[in-house]
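**Student:** Take the given structure of chain A and dock chain B to it, following the hints.
Heads up: the protein sequence lines correspond to chains A and B, in order.
Per my numbering: the first sequence = residues 1 to 268.
Per my numbering: the second sequence = residues 269 to 536.
What the hints contain is simulated information worked out from the structure, not anything from laboratory work.
Any given hint might turn out to be false.
Cβ-Cβ distance ranges computed for the label pairs, FRET-style [claimed, not checked]: (1) A/Ala113 / B/Ile286: 39 to 45 Å; (2) A/Gly139 / B/Thr397: 53 to 59 Å; (3) B/Ile400 / A/Glu219: 33 to 39 Å; (4) B/Gln508 / A/Pro95: 22 to 28 Å; (5) A/Lys75 / B/Gln508: 33 to 39 Å.
We put the CB at the ideal spot given by N, CA and C, even for glycine.
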Amino acid sequence: MKAGGIRTRLAAIAAVALVGLAGCGGDDGDGTAAPAASASGSGVSGSVTVFAAASLTESFTQIGKDFETANPGTKVTFNFAGSPQLATQINEGAPADIFAAASPTTMKTVTDAGNGDGTPVTFVKNQLVIAVPKGNPKGVTGLSDLTKPGVKVALCAEQVPCGAAAKKALDAASVKLTPVTLEQDVKAALSKVKLGEVDAALVYRTDAKAASSDVDGIEFSESSGAINDYPLVVLKNAPNKTAAQAFVTYIQSDKGKAVLTAAGFQAP
Amino acid sequence: MTVATPRRVRGRIPLPLIVPAGLSLLFLVLPLAGLLIRAPWTTLPQRLTEPGVLTALRLSLQTATLATLLCVVLGVPLAWLLARIEFPGRRVVRALVTVPLVLPPVVGGVALLLVFGRRGILGSWLDSTFGITLPFTTTGVVLAEAFVAMPFLVIAVEGALRGADTRYEEAAATLGAGRWTTFTHVTLPLVAPGVAAGAVLCWARALGEFGATITFAGNFPGRTQTMPLAVYLALETDLQAAIVLSLILLAVSVTILASLRDKWIASP
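Looking at chain A on its own, in the form it has when it is part of the complex (with noise of 0.2 Å):
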């Protein structure tokens, strides 16, 4: 079901690129990469290095194998973590094209320490959700559901984009709650509910929605006053400035949008 999904996509994105050369990069990018915009479909090529957030898999994963097709001739890998990590990465000198982080915080790490270049654009928006295993078991329904004795949460540890998240959105609905564990991406605080280790854990909706043959994803109304902006930049020292550009502006252009939407993110 899911990979025939993939198929019909793929196909569809070929065949777009097929018909639609001479209609691509319209101007769906921000006025920054406009030039570049118009290079999409021709003359890019060779590999793309993307360090991007761990909530960012699916997503990335899926707009990286269609800009493929769209490109032949470049290829995109990607290093997915969490985004301090990745942040901690770039600054040390790890040779990579773009940067996409979980939190404006942590693109600032980047930027400050000169290794941006340009200006991060915010690209998607996520919220929280409280992930809990399929079917609800213990019936959670808002976060005070989670104060509950006998209900084991899982956060992302304060470090990490989705945990400051997590502090935020609790702190808003004054709602203390001890977890059993801090985790160190939001990756693996969803993996201890898929394993029903937890009863809950607070995750992004994308998350949720990825996970979604094992887990329910609870909307909570708190979750709109910790919002995170995911922003987007191409990295001073990239090795493929021109490629690197091209797939920023492929993220931004409607065939990315549709993918991110799908994945559960907000247009910001």
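**Tutor:** Then chain B, alone, in the frame of chain A:
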């Protein structure tokens, strides 16, 4: 550390030995030098007194020591079995002992969850019968560390047993000692240095354990957050803090290991 090296063969040290020896030493020591060079020496004292640091350090030392004890109690008999008893499938068992060495620790952590987790094969029984849950507890940390560190002890002790002169054991047997008496009164004293060396290796490995611990026991300050976990999370936001934590862990462990080594291994 001055260990007297007896010179059995005189003459110049051959170049094919001294050059790679020097290179390997350099290779092992340079990363440490990197840490020392980048360490924020001026802020070191105040970092040391940050409350979370000592808690994590204490937990690390406690859990590594308990894990080592567990490994000695369970691992020495296993090593004896492998070295002294002929049984079908001994080769397979010996290979199985090394599995935790080859398994990526994170996978080891997942495997432990699948067995000892709330829905695990043994874990669900422990939970329903005794109300015992192991994940996210300090006991869980000890188990994860013991799982990863056990092979170091078993391999070292088995090696010592195989190298030991079996004539003493035979003599004890001819004098009427049973297998258990022979083991406690002859074998064990004979291989004590080997057990000590294995225990030191085992302790060191347990102290540095990260992957299995964070996966199986999670990360919660004071309960399951050992030094390696604290280092990893510090790395998310503050490289310098991570370096300081690493140096503390290194200093403490090297001091302990060096003093034990002089006492146990170099004495006879």
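**Student:** If a hint holds in the structure, say so; if it does not, say that too.
**Tutor:** Results for each hint:
Under the hint 39 to 45 Å, the C-beta atoms of A/Ala113 and B/Ile286, about 42 Å apart, fit the expected range. One distance hint, 53 to 59 Å for the beta-carbon pair A/Gly139 and B/Thr397, is violated here, with the actual separation near 25 Å. Roughly 35 Å separates the CB atoms of B/Ile400 and A/Glu219, a value that falls within the hinted 33 to 39 Å. The supplied range of 22 to 28 Å is met by B/Gln508 and A/Pro95, whose beta-carbon atoms lie about 23 Å from each other.
For the hinted restraint 33 to 39 Å between A/Lys75 and B/Gln508, the CB-CB distance of approximately 36 Å keeps it satisfied.
Hint 2 from the earlier list is the only one contradicted by this structure; the remaining hints agree with it.
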